Amino acid sequence: MINVQRNHTIDSLKLLCATLVVFIHCEYPYKVNVLPVTEVAVPLFFALSGYFIFGAKRKWERIGRIAKIFAWSAALYLLKTEMVQLLTIHRPWMPTWKNITDLILFNDVTFSIHLWYLPAYIYVLVIVFLIDMYNVWRWAFWSILPLLLTGVFVKYNIADVCPKDTQYFRNAYFNGLPYFLLGACVKITPLHFGGKCLKKSGLQLLLALVIAGLFLARYYLTGKDLGMLALKEINLMLLTYGIALLAMLTIQTKDNIISTLGRNYSLYIYIFHILIMQVCEGVAMRLPESIENIYMYFNPLVVVLLSIEFTYLLGKLRIIKV
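First residue of the sequence shown: 0, per numbering that gives the first Met the number 0; consecutive thereafter.
Keep in mind that the hints were calculated from the coordinates and are not lab data. Possibly wrong hints are sitting among the right ones.
[Unchecked claim] Calculated cross-link-like contacts (lysine-lysine; reagent style PhoX-like; alpha-carbon spacing at most 20 angstroms):
(1) Lys315 - Lys67
(2) Lys154 - Lys223
(3) Lys67 - Lys223
(4) Lys199 - Lys186
(5) Lys154 - Lys231
(6) Lys163 - Lys223
(7) Lys79 - Lys67
(8) Lys97 - Lys154
No experiment lies behind these values; they were computed from the predicted model shown.
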């Protein structure tokens, strides 16, 4: 079992990931310029989980905790969906057999798509428990790139047939598991070559430059053919690995407000931000146009802050455990 002191840089990075997820879903004037950067958020979330959990015990307890969070968050968004349906078209939303099958097989939550992360995470934890039980980590690590490229192949082949059915490539198998395993790889990465350790500051600088180059490259990888989609996924894999490795090297042993928010609030920001976003954007639409235009520049950050406040309030009321 690997036993190392907690690196709070990873916790801080989780807050950044949650913020980037908000930037994916919110509306704001400069969104098209930011999206290539935000795409790293969910893969990095899975990778950071892999980094923390690899070598740790009590995986079943984690599965139970995430299952409880998924149960009440799904109930919350289902209630919201039913209320909207009854108020607008005067009949309740009823799941189809396809909705149920997609949830069971592909982690798709039809009434609130962003919740796919939670059942996918549960599936990943179960798979990792089995990998650990049978000690097949080496085979699991070799499966990372094939799994990611299989997801790319599926994405390419359904793009024209059913473009909205993202669950067939955005799920535990082709997204969650490979990036989780990538995070575990970061934890066991040897930081020496030829028997000589690299100077830490030099490696950090090199990684930062590589990460910047990979981010820049994402703005040019815009094609939709199979080869370009594969290049984009490989770029995302390298970017995720590089950021996680840089965070591992930049050790922060003391807790602070950013790392505390990342550790305790990032998952709840992910869960609640859609509700907060819909309220904020609904209010903004009723403002004078000039004020609305100004507000929309800050919309994602307002949603993040209000999601934190909402989580804090629920924690104080002991509705959720923060």
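Proposed proximity, Lys231 with Lys154 (alpha carbon, max 20 angstroms): Given that 20 angstroms is the threshold and the Cα spacing comes to 12 angstroms, the pair holds.
Restraint status (C-alpha distance of Lys163 to Lys223 at most 20 angstroms): holds (15 angstroms)
Agreement of Lys67 and Lys223 with the hint, judged by alpha carbon distance not exceeding 20 angstroms: Given pair Lys67, Lys223 is violated - Cα atoms ~38 angstroms apart, limit 20 angstroms.
Proposed proximity, Lys67 with Lys79 (alpha carbon, max 20 angstroms): holds (19 angstroms)
Distance restraint between Lys154 and Lys223, which requires alpha-carbon spacing of 20 angstroms or less: Roughly 10 angstroms separates the two Cα atoms, so the pair holds.
Hint consistency between Lys315 and Lys67 [alpha-carbon to alpha-carbon, up to 20 angstroms]: Holds, at about 19 angstroms.
Pair hint outcome, Lys97 versus Lys154 [Cα-Cα no greater than 20 angstroms]: holds (19 angstroms)
Restraint check for Lys199 with Lys186, where alpha carbons must lie at most 20 angstroms apart: This hinted pair holds, its Cα atoms lying about 16 angstroms apart.
Comparing the model with each earlier hint shows a violation of hint 3 alone; every other hint is respected.
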